[in-house]
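Asks: So the protein sequences, as listed, match chains A and B.
Each residue of the first sequence is one higher than the one before, starting from 668 at the first, in the numbering used here.
Each residue of the second sequence is one higher than the one before, starting from 922 at the first, in the numbering used here.
The reader is advised that the hints may include incorrect statements.
[What the hints assert, rightly or not] Once the Cα atoms are required to be at most 30 angstroms apart in a straight line, the calculated DSS-like pairs of lysine-lysine come out as: (1) B/LYS1142 - A/LYS986; (2) B/LYS1260 - A/LYS739; (3) A/LYS1036 - B/LYS1214; (4) A/LYS889 - B/LYS1260; (5) B/LYS1214 - A/LYS1033.
[Stated by the list, open to error] One-sided and incomplete, this derived list gives chain A residues near chain B with beta-carbon spacing under 7 angstroms: (6) ASP908; (7) VAL938; (8) LYS1029.
[Said to hold, decoys possible] Distance windows between CB atoms, simulated: (9) A/LYS888 - B/THR1061: 38 to 46 angstroms; (10) A/TYR814 - B/LYS1214: 50 to 58 angstroms; (11) B/ARG1280 - A/LYS888: 22 to 30 angstroms; (12) A/GLY709 - B/ARG1280: 37 to 45 angstroms.
These are calculated hints, taken from the structure and not from any lab test.
Since this is a predicted model, take the numbers as computed values, not measurements.
Beta carbons are placed, not taken as given, at the ideal position from N, Cα and C, and that holds for glycine.
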Amino acid sequence: MSGLRTARFGLALALGLLVGGTARAQVAVRIQSPTPDQPIFGQTEVEVGIRSGEAVDRVEVFLDGKLVGSAKTPPFRVRVDVGDENVQREFKAVAYTVSGASGTDSVVTQPVQIMDELNLKLRALFVSVSRGGAQNLSLEQGDFQIYDNGDAQEIVTFGRDELPLTAVLLLDTSESMREKELEAVRRGARAFLGGMKPSDEAMLALFSDRLLKFTPFTADKKVLGAAFADAHAAGGTAVNDFLYLSLKALDSRQGQRVVVLFSDGSDVHSVLPASEVLWKARAGQSLIYWIQLGGQRKSFTSAWRDYQGNDQEYDNLDKAVRESGGRILAVERPEELEGAFRDILQELRQQYALGYYPTTAKGDGKWHKVEVRVKGFAGRVRTREGYADH
Amino acid sequence: MRARTDAKCQGGLLLCLVAAAWLGTGPIVWAQATAVPPASGDGTGSLGLKEGAKISSERVEEIYRKILLDWSAGETERAPEELIQLETAAIVDGEPKTRKALLGAEQRVIHQVGAADLEVLVPIAVLHHEAYRRLLERRTRGEAMAMVHTRSMARDLVILYHEQSGSEGAGLVASRLLTSLGGLLLQSAQQLPAGEMFQQAAELDGKNVAALLGLASIYEKNAQPETAVKQLRRALEADPASAEAKLRLALNLKRLDQTAEAGKLLEELTAAVDSSWVTPLAFQELARLHSDKGRQAEAEKVLRKGIERHPDDMRLVIQLAAVLDRRGSAGEATALVEKLLASQPKAEASARYLYNTVRPEAFAPARSFLAENSRSRLPVLAQALNAPAEASGMGLGR
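Just chain A, same shape as in the assembly:
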């Protein structure tokens, strides 16, 4: 992992010569961050140090030859999204003084080596252990065994109810929802939010075929509760699109991540097929819980798909939920919704969090089957069924 600095601060000063009486002030420029030995991905702050005998007018920052931002006042910082590709990148800073003098510096960062990438991929598993409906909450790290594609793995992190929780409550408020059902969903969501700890955060999103209302991720229960004000049912249902959006929004969060979806699942308005949601669920680390009201699954045709196609959609969504480590909670009556929301929060609180570095990870996108066992335990152990190795 090496980098090049094409102009050094000291060198720039050493070459700072005055040329005749018309010479302009010399400008010494140094990119202080990022440094050549630093792997660069995503949002990156470029910080530039300037030494000059006169006031600096502006500093322009270029990424791979393209102007990406400028700063006019110290500290000279520019924020840029460099993307997630593991490639070499060149940062260049050009500073101009008020008289028009300029100086420049550049830094070339290198891609991280494959071994470094592998080291970053800690897999987190959230595990529910129960027998006869009661959770077993007295287990220790040594009680668990993780198998990744059949290979035993070393558990490197262990905990329960310690990680902060980030939840998206994704609530279907399409036109098929009546006021009684809406009120029951409101109560359920409020019960969930009421049970959150101060370190937890949630985003509440009301959707139909469009996103009707949503909050930012916040721990402020007033902000979350306010999203229900003026909520009314409208439009059709687009589960896939907004479930994908929720999973994507959770990508950049840390800790235990969950989407709690409330919908009947009869999606006739999404542009994304459920296979995209399944792909996303497999590639990510978020759990999906799906609360269904009305019990029985229904077959239907739509403008986009026939019965078979829609059944396949449902199956893929069902698979996404199960493989993520979440589950489907089917409730018959609106009065049962509040209990379902509470059950999910309680289940999340009672899960064990296990972390391991997969020994067989190759980043080839292939499916890894995961199994968690508890030594000498005959009850139910539930976690995500696996992941796609991206």
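Following the hints, complete the assembly by docking chain B onto the known chain A.
Replies: For chain B alone, coordinates are given in the frame of chain A:
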């Protein structure tokens, strides 16, 4: 456009036949009145009629005649309301004979005025159409049979008008009225009778694009894309510029795995200058087509162009994020989603919803056409109603 009764009309016999069909089990009648319990309200309305109260046929004829007179005088608000009052008072759900009695009385009035001039059937049909539209909007319990009755009146009167007149103009009027009824039925999720209306409308006027689109939308919702394609090709033949017909054809061809033609149509739509909901949906579907074939780079290109054209279309952004995720640019995908979630969305109906929903405006041209044709015939109706009863008889026995 107008056809007099003298040459062709053998109105008496035909009206009798139609009346028989109204009352019988012939193909014209849709037995779809659901068993809704009668309303318990005892409001009498401006006509002083109490629901379910027995009204003599003479009284019904008298009131119906008065309503037609109001309608011919341009009372566009009062006449349909009074017709609703009359029909909902006279017909009791679950008692078919009440409908038969009402029909008989209305039919006698129509015979009298229709004998003078066949053209009067148009405004009378449009009046019943308007009453049906209002009843549908209210969805009052206990009025199901009255709704079916007034809808059947509207439909059978224009069919009779077309059959008696035989003119191309009569076919156009009938076709538009059936199209509008089909649209109203679709709005109330009655796909089968709506399909029959559109089918008949398209038979009467093969260039009726609204009817062909309505028919195709029913086929595609019922997993019959092959039949939908046939209707859509007819619609495009009638109106090659119809963006909606092109989009629906592309999507149905896609379902039939005829992706080359589907792609070509979608490309045409995305290249066209059009500000309707059709274009963002065409971008979405073209990108989806590429993604389905594993051509994520092409999908990305289409979506970026789509977002440039339709920056407020949230679906295009979500779709682009998914494509970028697939392509390994997870950071850019996250940034897109974060940007999307940084602003409150516009809670407008999405293009996909509009595609999948009955849009009343799709049937607005048919309704304007009907309104215009009805208005122009109101003086004829007024004249027929004011003529002495002896002169207007059509020789039909009561």
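Asks: Compare the structure with each hint and give your call.
Replies: Evaluated hints:
1. B/LYS1142 - A/LYS986: holds, 26 angstroms
2. B/LYS1260 - A/LYS739: The hint holds at about 25 angstroms.
3. A/LYS1036 - B/LYS1214: Between A/LYS1036 and B/LYS1214 the Cα gap is close to 27 angstroms, so the pair holds against 30 angstroms.
4. A/LYS889 - B/LYS1260: It holds: about 23 angstroms lies between the C-alpha atoms, which stays within 30 angstroms.
5. B/LYS1214 - A/LYS1033: holds, 20 angstroms
6. ASP908: The hint holds - A/ASP908 has a Cβ within 7 angstroms of chain B, the shortest such distance being about 5 angstroms.
7. VAL938: For A/VAL938, the interface hint holds, since the closest Cβ of chain B sits about 5 angstroms away, which is under 7 angstroms.
8. LYS1029: violated, 15 angstroms
9. A/LYS888 - B/THR1061: 38 to 46 angstroms: Given range 38 to 46 angstroms: holds, Cβ gap about 43 angstroms.
10. A/TYR814 - B/LYS1214: 50 to 58 angstroms: For A/TYR814 and B/LYS1214 the Cβ distance comes to about 37 angstroms; the hint is violated.
11. B/ARG1280 - A/LYS888: 22 to 30 angstroms: Given range 22 to 30 angstroms: violated, Cβ gap about 40 angstroms.
12. A/GLY709 - B/ARG1280: 37 to 45 angstroms: Holds: the Cβ-Cβ distance is about 43 angstroms, inside 37 to 45 angstroms.
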